[in-house]
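Spelled out, the chains give:
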Amino acid sequence: MSRGRAARLLAVACGGVVGAFALIALFAPWLAPYDPNGTDLGSRLLPPAFLERGRLAHPLGTDHLGRDILSRLVAGSRVTLLVGASTVLLGGLVGGAIGLATGFFGGVLDRVAMRLADVQASFPYILVSLALIAVLGPSLGIVIAVLGLASWPVYARTIRGAVLAVRSRDYVTVAVALGAHPMRILAAHVTPNVLGPLVIVATLQVSNVMIAEATLSFLGLGVPLSTPTWGGMLREGQSYLFYAPWLAAWPGLAIMLVAVSTNFLGDALNDRIASA
Amino acid sequence: MRASIRWLPGLLVGLALVLGPTATAGAEDRDRTVVVAVGVDATSMDPYLSTNITDKHVASHLFDTLLRRDDAMRIQPNLATSYRAVSPTVWEFTLRPGVRFDDGTPLTAEDVKFTIEHALDPALKAPSVAQFRPIVRVDAVGPHTVRITTKEPYPALPAVMAECWILSKAQAAKGQQALSERPVGSGPYRLKAWARGDSILLEARTDYWQGAPKIPYVRFRTVPDQNTRFAQLRTGEADIVAALPPEAVALVAGDRSVRIARAPGARAYFVGLNTRLEGPLRDRRVRQALNHAVDVQALLDFVYEGYGSRLATLLTPQQFGYTASVTPYPHDPAKAKALLAEAGFPSGFAIRMESPEGRYPKDREVAQAIAGQLARVGVRVDLAIREWGTFVGQFRTEAGPPMYLMGWSIPTFDPETILTPLLTPNQTYGRFDTPSLTRLIHEARSTVSPEARAALYEKAQVLMKEEAPVIFLFQLEDLYGVSNRLDWTPRSDERILLYQAAFR
Amino acid sequence: MAVVVARRLLDALPVLVGSSLLVFLLVHLSGDPALLMLSPDTPPEQVAEFRRAHGLDQPLHVQYLRFVGGAIRGDLGESIRFRRPALDLVLEALPATLELAAASLVLVVGVGVPLGVLSAARTGTAMDAAVRGLVFVGQGTPPFWLGLMLIVVFAVKLRLLPSSGRGDFSQLVLPAVTLAAYFVAAVARLTRGGLVAALRSDYVRTARAKGLAPWRVLFGHALRNVLIPVVTMIGLQTGTLLGGAVVTETIFAWPGMGRLIVDSIYRRDYPVVQAAILVTVVLFVAVNLVVDLSYRLLDPRVRHE
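Protein chains in written order, with the working numbering: chain A, 1 to 276; chain B, 1001 to 1504; chain C, 2001 to 2305.
So that you can see chain A by itself, here it is in the shape it has in the complex (with noise of 0.2 Å):
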């Protein structure tokens, strides 16, 4: 099998397991075998089925309020990828933006933009996030603001410092000195340089909002409590996790494997715009 081949299966592979989550998240109410805020104390804590004690009827188990894992899962697949894909869209665009601008035209711009990453950047999004809730009360769209906002410096510099090493290159210059419109060799010339970095970056930005969801979640200042999403189901297992483990397993299990198969097709986007 040619080199070319595997990395495509391996693509098309992590794009497969992305587009199914994506259509459980579009499907997910019509899915779920129950009601994932169905509360049942007595059958708590159930292992899944295939360990000792669990039973068929919660393949995936049940957590601490014997609500059915599989259905948690499914519900919260929707909240996790809304937030999950909205925040890189947002911080990547703002991100992105500044960052092109600042890196090719400099100067003044360049200098505010910078000194406001820095203040965004060594900012924790906890208290950012702690005073908007304590103000307007919890939602998902300040979940989704704090944490798409909180990651506008990381898009930022990463692509400012591209384009900078892209801008000192010969063709560049060449193009500059030409006289072409400064937007013509952005367009031209920078942006598809660019696109690399920026691609890596949105992908690995995708599990690490997820993972910051979860400790929102877990502080209280996640969005509210009847919604499920991974990352409160990822937190509240937490305090579960040396007596019953499956609670925090499967929601990290999704994460990690949306984080596996985006940054993998992320890699593949790469290599071809690296080849083109």
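Hints may contain errors.
What the hints assert, rightly or not - Below 16 Å or equal to it, Euclidean Cα-Cα: the simulated EDC-like pairs (lysine to aspartate or glutamate) are:
no. : chain 1 : residue 1 : chain 2 : residue 2
1   : C       : 2157      : B       : 1255
2   : B       : 1465      : B       : 1433
3   : B       : 1125      : C       : 2045
4   : B       : 1125      : C       : 2078
5   : B       : 1125      : C       : 2049
6   : B       : 1125      : C       : 2057
7   : B       : 1362      : B       : 1247
Unchecked claim - Beta-carbon label-pair distances, calculated as ranges:
no. : chain 1 : residue 1 : chain 2 : residue 2 : range
8   : B       : 1330      : A       : 59        : 56 to 62 Å
9   : A       : 50        : B       : 1236      : 30 to 36 Å
10  : B       : 1344      : A       : 50        : 20 to 26 Å
11  : B       : 1425      : A       : 93        : 52 to 58 Å
12  : A       : 8         : C       : 2091      : 52 to 58 Å
13  : B       : 1485      : C       : 2158      : 20 to 26 Å
14  : B       : 1122      : A       : 97        : 51 to 57 Å
15  : A       : 59        : B       : 1256      : 33 to 39 Å
16  : B       : 1297      : A       : 226       : 22 to 28 Å
17  : A       : 59        : C       : 2212      : 55 to 61 Å
18  : C       : 2014      : A       : 187       : 31 to 37 Å
Everything labelled a hint here was simulated from the structure, so no lab data went into it. Yeah, the Cβ is synthetic: ideal placement off N, Cα and C, and Gly gets one too.
We have chain A already, so just place chains B and C on it with the hints.
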């Protein structure tokens, strides 16, 4: 250019070596040291700046109190050999002669006077001295006699004195920093080292007036994560671990090196019902219905694996004046529905309930379970889970949340410390008051005769059950993981004391 | 160079003022410490008295000006909880944080760059996929999970390392690995991505055509191309490593700044939060200044005034 990447690791390793692991006073050896894994570090070595339980653990080893509680939580003489009420507002304590601080100076009435005045000094801005506030003056009548005068009759004063650690006036003369960092007490241990955020090491005083402790060193190690604390118990890195979750009991069962120790906890749990707000909770029948609707025993069995017991009212059996003759509301959803219908809510109502998160054992779980049980009688609970700071922030306003889950700790074991703040007007957390109950509580808190006072509290418990100012819940058992090399029993006041402990 | 440094130092001033104002507003929006500090039986008038004693009853702008006034004199206020200068508390926690950050950076660079090179040199092979798979799993594992698994395996089962705490070198190993796991993936991927792009670029092709040994092509030409994004990433991580290692610090009972900051946020201990974030900002600005300067060292073609 290539060199640039080579120096980087070298530089970082060098940096790590320079900053180096700082030695944390490892003079003691593990065989002679009891390690207690606690969740938070101490705030200060000045017990009157205490903000958490670790402060109290440490203070109980460094200092002595005038009176003390024995294992059954009865008040016993300690630094004071005797005490009496000279008048309803004046108390006299006689001190034990010959007690010396760690620096060799004798402990006298002047030190007691200084300590109480220090706690009440506005410049100290002490966070937790509400129970000292009724004291208006302290007089050192002789070297070993102290008189304490209160504004009004204050029968809870002896209970407060069991929580009043006596500081050295001589040490205080060196400034507040000396009190906060270099404590000098008359207790069984002295402070050997304090690595902030990491651990506190105490060393036994061989010249302690009640005899030298059997355990030479005690280390309180800050381990914030409960899973890590449990791991430390298993590895033998810790000898005592507090606040184990009930699930841990089964896991420890097979381990021959550790055991589980239990003690009834000092907290009464309840769901507060706000009657300051307009709404169904103002109707007593509704409040009674809620009490019938919640299956407290099921909460204990399923959420806490049975480690706890039901409470009929806000008083725990360890408290002064508790009576077993008042029994809990039976779980009766049909009766609850009938009462709701009678009050004009045949199909229930919707209401918000607030619960803190990470403050009490399984607080969020139990709040969710209560909401589920209330839903079965038609009370649709909109449950909000909040971080503790945001939760308490809601009590800054006059109104406050409609329903709220709380656990109230009563370190004095005196009902006054829970009834006045929760059930009388103008209090921080209480959102309920009725004239009849308020009158009873006020009368009891200024009645000095213990018998008359107990009778008043018994009446208060009957009336409390009838009025149903809260949903009465339970008292939990505190679970500790203890190394089998140690002889140690837990107490009902959450205090971890090692003076009477010994290695096996 | 000197001009750039001077200008950046000048820039740091508005950054400090801006972040102090932001922190101040955010912590005050999130509530006050009175009810958190006082025992629940404290009646409302004593709560009000406590607020007055700590100046919390003053209007916000008065409190802020008071804070700025102190800060100019080097006084960042006193911790409401610990009654000690807030800056002292932060500086006491700093060595532990730097120690952990340094140890994990060594791991990140020492493991991440070679792994990235390995997988770039073998692009598209099973080796490439395996290396990346491993790295991605490390990155996608929630830190608390990874940390506890390490404790269970190395402390509880094998009894090789202590579970937690700080003091001994052996206590540094597990938290450093946990903290590094996430960042190794980032560095390995940026290394790989940059190398793949570089290896396909004209100048490397030319070098290859000239018959240079493959390793010389890799190290002489291609690796330089990836250093900028990697160094940028490390600069950014420094911010996260300083204040953002809360989860690792909590699990391993590591007395660092992340825990101090989050604890203080929860206790609404304003002065400590403010001091800690100001210190983080200063360090962050300094590290990223070094990062920016290193661009010129790493790639002499970069000129950015």
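Results for each hint:
no. : hint                        : verdict
1   : C/2157 x B/1255             : 13 Å, holds
2   : B/1465 x B/1433             : 14 Å, holds
3   : B/1125 x C/2045             : 14 Å, holds
4   : B/1125 x C/2078             : 13 Å, holds
5   : B/1125 x C/2049             : 9 Å, holds
6   : B/1125 x C/2057             : 15 Å, holds
7   : B/1362 x B/1247             : 12 Å, holds
8   : B/1330 x A/59: 56 to 62 Å   : 38 Å, violated
9   : A/50 x B/1236: 30 to 36 Å   : 34 Å, holds
10  : B/1344 x A/50: 20 to 26 Å   : 52 Å, violated
11  : B/1425 x A/93: 52 to 58 Å   : 55 Å, holds
12  : A/8 x C/2091: 52 to 58 Å    : 54 Å, holds
13  : B/1485 x C/2158: 20 to 26 Å : 22 Å, holds
14  : B/1122 x A/97: 51 to 57 Å   : 55 Å, holds
15  : A/59 x B/1256: 33 to 39 Å   : 36 Å, holds
16  : B/1297 x A/226: 22 to 28 Å  : 27 Å, holds
17  : A/59 x C/2212: 55 to 61 Å   : 57 Å, holds
18  : C/2014 x A/187: 31 to 37 Å  : 33 Å, holds
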